[in-house]
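Novice: Sequence:
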Amino acid sequence: MQSGDFYLSEVEKLRAMNEMNERMKKKRKIEEVMYPAELIEQLKNKDDQIKALENENARMLAEMAESRRQMAEMKQKLGIDFL
321 MQSGDFYLSE VEKLRAMNEM NERMKKKRKI EEVMYPAELI EQLKNKDDQI
371 KALENENARM LAEMAESRRQ MAEMKQKLGI DFL
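When the count follows my numbering, it moves up by one through the sequence shown with no breaks and lands on 403 for the last residue.
If you are wondering where the hints come from, they were derived from the structure by calculation, not from laboratory data.
Warning: the hint list may mix true and false statements.
Unchecked claim - What follows is a set of in silico ranges between Cβ atoms, one per label pair, in the way DEER data are often shown:
hint	residue 1	residue 2	range
1	392	354	49 to 57 Å
2	377	342	42 to 50 Å
3	395	374	28 to 36 Å
4	331	364	26 to 34 Å
5	355	384	37 to 45 Å
6	359	393	47 to 55 Å
7	393	357	53 to 61 Å
8	362	340	28 to 36 Å
9	356	395	51 to 59 Å
10	357	394	34 to 42 Å
11	370	348	21 to 29 Å
Please read all numbers here as calculations on a predicted model, not as lab measurements.
Backbone N, C-alpha and C define an ideal beta-carbon position, used for all residues, glycine too.
Put together the whole structure using the sequences plus the hints.
Specialist: Here is the structure:
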């Protein structure tokens, strides 16, 4: 490789990097317009709320299962076959 070729190669790399950086800037601007920070924050809050509700639901289901188990145990002790 001649020194002139090396220089052109480096210039081409620099141009390619600059073009890539410009495309990334444009992409970020488009994303900011499409997905404003406020909307992203609202979605994150909704995700947190959904997780909390899922945890609450799981806790309630576990409590119901335990209540059913206790009720079945009491029925058995009392000899109740109905209900």
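Novice: Determine for every hint whether it applies to the structure shown.
Specialist: How the hints compare with the structure:
{"no.": "1", "hint": "392 / 354: 49 to 57 Å", "verdict": "54 Å, holds"}
{"no.": "2", "hint": "377 / 342: 42 to 50 Å", "verdict": "48 Å, holds"}
{"no.": "3", "hint": "395 / 374: 28 to 36 Å", "verdict": "32 Å, holds"}
{"no.": "4", "hint": "331 / 364: 26 to 34 Å", "verdict": "43 Å, violated"}
{"no.": "5", "hint": "355 / 384: 37 to 45 Å", "verdict": "40 Å, holds"}
{"no.": "6", "hint": "359 / 393: 47 to 55 Å", "verdict": "51 Å, holds"}
{"no.": "7", "hint": "393 / 357: 53 to 61 Å", "verdict": "54 Å, holds"}
{"no.": "8", "hint": "362 / 340: 28 to 36 Å", "verdict": "32 Å, holds"}
{"no.": "9", "hint": "356 / 395: 51 to 59 Å", "verdict": "58 Å, holds"}
{"no.": "10", "hint": "357 / 394: 34 to 42 Å", "verdict": "55 Å, violated"}
{"no.": "11", "hint": "370 / 348: 21 to 29 Å", "verdict": "28 Å, holds"}
The structure shown violates the earlier hints numbered 4, 10.
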